[in-house]
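As you go down the protein sequences, you meet chains A and B in turn. For the first sequence, the residue numbers in my numbering are 13 to 430. For the second sequence, the residue numbers in my numbering are 13 to 430.
Simulated from the structure, these hints should not be mistaken for lab results. Please note that a few of the clues may not be correct.
Repeated chains share a single entry, so a pair holds when one copy, or any two copies, can fit it.
What the hints assert, rightly or not - For lysine to aspartate or glutamate, the following EDC-like pairs were computed, each having C-alpha atoms within a straight-line distance of at most 20 Å:
no.: 1; residue 1: Lys-315; residue 2: Glu-280
no.: 2; residue 1: Lys-43; residue 2: Asp-97
no.: 3; residue 1: Lys-36; residue 2: Glu-90
no.: 4; residue 1: Lys-43; residue 2: Glu-93
no.: 5; residue 1: Lys-376; residue 2: Glu-93
no.: 6; residue 1: Lys-43; residue 2: Glu-90
Number of protein chains: 2
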Amino acid sequence: MQEKHKQQPVDAVKLDRLAQIAVKTGLGLQKGQNIVVTAPVEALPLLRRIACHAYRAGANLFTPLLADEELTLLRLREAPETSFDHAAGWLYQGMAAAYAQGAARLAIVGENPMLLANEDAGKVARLNKATSLAYKPALEKISNFDINWNIIAYPGLAWARLVFPNLAENEAVYRLAEAIFAASRADREDPLAAWAEHNAALRRRSDWLDTENFAALHFKGKGTDLQIGLAEGHKWSGGASQAKNGIICNPNIPTEEVFTTPHAYKVEGIVQSTKPLAHHGSLIENICVRFKGGQIIEAKAGKGEAVFNRILESDAGARRLGEVALVPHSSPISASGLLFYNTLFDENAACHIALGQCYSKCLKGGAHLSKEEIAARGGNSSLVHVDWMIGGGDTDIDGIKQDGSLVPVFRKGEWVSA
Amino acid sequence: MQEKHKQQPVDAVKLDRLAQIAVKTGLGLQKGQNIVVTAPVEALPLLRRIACHAYRAGANLFTPLLADEELTLLRLREAPETSFDHAAGWLYQGMAAAYAQGAARLAIVGENPMLLANEDAGKVARLNKATSLAYKPALEKISNFDINWNIIAYPGLAWARLVFPNLAENEAVYRLAEAIFAASRADREDPLAAWAEHNAALRRRSDWLDTENFAALHFKGKGTDLQIGLAEGHKWSGGASQAKNGIICNPNIPTEEVFTTPHAYKVEGIVQSTKPLAHHGSLIENICVRFKGGQIIEAKAGKGEAVFNRILESDAGARRLGEVALVPHSSPISASGLLFYNTLFDENAACHIALGQCYSKCLKGGAHLSKEEIAARGGNSSLVHVDWMIGGGDTDIDGIKQDGSLVPVFRKGEWVSA
């Protein structure tokens with residue numbers, strides 16, 4: 013490998029800690045378990061450290077599926093028209109089979125968030141839809157939390173240049189790496205202990221929200237006056253949780269949110285985005301939508317409106333909510349002041365909502381509910397799941413109890429109770 | 013990709029021609045066809061050019077499966093004992109499904125031939141066996157020639173250093189690239205025309221051999237006195253041929269051989285290897301074996317004997333022949349004087365035989381024969397197919413006709429007839 017001879021502008025000790033976090037805290041990998049990993053080629057230095065920690069933790073098979081962004085661009089620019097409505101179904105079905113047989117799922121992200129910004133939006137949308145459709149059986153095993161899974165980030169060069177446009181390449185990669193390490197607690201001497209402590213704090217929040225058992229949340233802020241009904245028998249999640257295979261894992265590294273399933277038909281009012289949304293290589297800014305009966309009936313965006321409308325047109329569920337998440341304005345990622353152009357990070361800087369597919373684990377007894385039962389409780393279903401940020405320093409949230417009484421939850425972007 | 017900013021010590025024009033050869037001559041890719049490609053990460057510059065030519069030729073889906081040698085080493089060194097008897101069956105089954113649905117198969121090779129030389133031979137053998145077993149359904153579609161397929165090479169750094177141990181890294185890669193380009197006819201102004209001409213020459217050889225319809229070939233040379241019975245209704249192949257899906261392709265780039273299926277039970281005598289055999293990262297030299305009733309009953313090797321014995325112990329068919337191939341000593345690859353440590357090249361420098369699985373396409377009506385019918389004709393069956401070189405400048409070959417009369421085929425390593 014020629015890469016071996018190239019100095020990576022990334023702290024090797026912290027990179028190794030990040031790999032350890034992915035395997036131990038992220039996946040909670042079990043001895044003898046198989047792992048399927050997707051990663052951009054550029055993330056090989058992290059992938060190799062993860063493989064090492066995974067094998068040492070007793071991983072049986074470690075199967076990498078490496079992606080190259082240049083090949084994606086070549087497809088969009090050179091492939092015949094017929095290509096864009098197809099996907100390699102055999103590969104996605106295989107992944108679903110691997111998960112059904114007990115494999116864990118790890119995704120390393122680090123791609124150029126703007127890769128597709130100048131490509132044909134129609135082709136991109138068709139390609140994404142065909143891929144989503146092929147991927148659905150595998151994605152359902154993840155969104156239903158059948159297996160332990162984890163997403164973690166590596167500082168790719170194009171991503172680093174986007175976040176730090178005024179720095180030299182090596183400096184930008186170094187700075188993004190440090191930001192990833194800090195947000196992922198890989199800068200701590202004992203990162204696993206730091207994660208145990210953080211998970212306990214998130215658990216206290218979600219336990220309190222479960223005890224309150226709100227019927228709805230009312231968000232108020234600049235340009236936002238939105239009431240979000242919560243699904244019947246909803247349950248709050250955050251940090252570590254137990255997959256249906258019994259394994260406790262942290263699906264997202266980093267994570268600062270507690271979140272639950274809204275009622276797909278009980279969302280009313282207007283809401284405005286507070287941070288840009290980087291979606292499949294396009295940037296969508298200043299989203300402003302109106303909900304009625306849970307459905308988006310008006311949508312505007314200051315930038316990327318066509319892309320946003322394409323998301324809404326993906327299927328019937330794309331106009332309804334699948335997630336609502338609470339993140340204090342003082343979260344470390346928000347405090348970093350950086351815009352990461354990546355939902356994994358940016359969603360942990362602010363309260364957010366997601367259009368599309370809900371998480372069944374955010375319903376009591378969700379592990380054993382049929383699709384019909386989930387829908388009956390208000391859980392949304394869709395091929396997409398797109399998070400966007402609606403919280404900021406001026407966000408107030410009230411919880412509306414089942415008897416209609418109000419409980420202050422957030423004031424000026426921060427938790428009211430401890 | 014950081015690679016973009018690194019000067020590749022490889023001629024870009026010839027690399028692009030090699031990609032064109034892979035798509036047009038190698039695969040004979042059809043409009044609307046899908047392709048599955050395996051490649052080492054290092055071969056991305058060639059993979060991208062191939063994707064471009066494939067899409068322009070009308071490829072529908074181009075699915076790359078990228079491998080990283082460091083991950084292979086990490087597995088051998090860090091994975092638990094239980095790992096080595098398993099393989100990602102879902103991935104190999106998926107590949108078989110893709111081929112069954114009409115996808116073409118492209119393999120880019122360029123790995124370090126000595127990667128596994130210092131690893132635990134027992135683990136390597138178990139890993140190879142588990143992988144072969146999982147891969148068998150997919151491999152059978154290739155060895156049965158159900159689909160169009162092609163193998164082509166990229167000059168990886170570790171490979172280049174092995175072939176040119178006394179040159180600086182960039183110089184070694186450049187020289188190996190030039191050797192690959194020359195052997196693959198990517199150094200010609202019109203490479204597709206050059207391949208058409210070469211394929212016609214190979215066709216004349218195989219047509220003559222088919223007309224002669226020899227019962228056996230008798231090889232004589234230094235340390236070799238071997239009679240190889242040919243399968244009943246055998247057929248000679250070489251260069252371009254038609255897969256069962258009707259597509260004409262060149263499975264190997266480069267290729268200088270004509271080859272057929274021996275009779276698995278009619279091989280008698282002794283034979284000595286004339287070039288080293290690089291097998292799964294180990295080097296096997298000076299092989300000397302005795303056949304009786306088609307089976308190897310004595311085997312020695314000057315170097316790598318344990319690895320060679322492990323091949324023989326793979327299964328019952330590993331001790332019998334699946335292929336015999338004729339290559340003149342004056343072939344361009346032989347004339348280059350290089351040892352490539354890679355069968356794709358080295359087998360085209362000399363007459364060779366292969367232990368293990370036969371090609372059903374080298375039997376008349378082979379496309380429609382059952383496994384039992386292939387066996388009844390003398391076609392061998394095995395999980396392995398391992399070529400090794402037995403020809404040189406002193407090789408004489410006689411064809412033995414069905415009536416027992418002799419026809420000179422090779423004298424002093426060269427074809428006797430035109």
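Hints, verified against the model:
1. Lys-315 with Glu-280: neither (24 Å within a copy, 78 Å between copies)
2. Lys-43 with Asp-97: Only across copies: Lys-43 and Asp-97 sit 16 Å apart there, 40 Å inside one copy, limit 20 Å.
3. Lys-36 with Glu-90: Between copies, since 16 Å is at most 20 Å while 42 Å is not.
4. Lys-43 with Glu-93: Between. Shortest inter-copy distance 12 Å satisfies the 20 Å Cα cut-off; intra-copy 46 Å does not.
5. Lys-376 with Glu-93: For Lys-376 and Glu-93, the Cα distance exceeds 20 Å both inside one copy (45 Å) and across copies (40 Å).
6. Lys-43 with Glu-90: Between. Shortest inter-copy distance 13 Å satisfies the 20 Å Cα cut-off; intra-copy 44 Å does not.
When each numbered hint is compared with the structure, violations occur for hints 1, 5.
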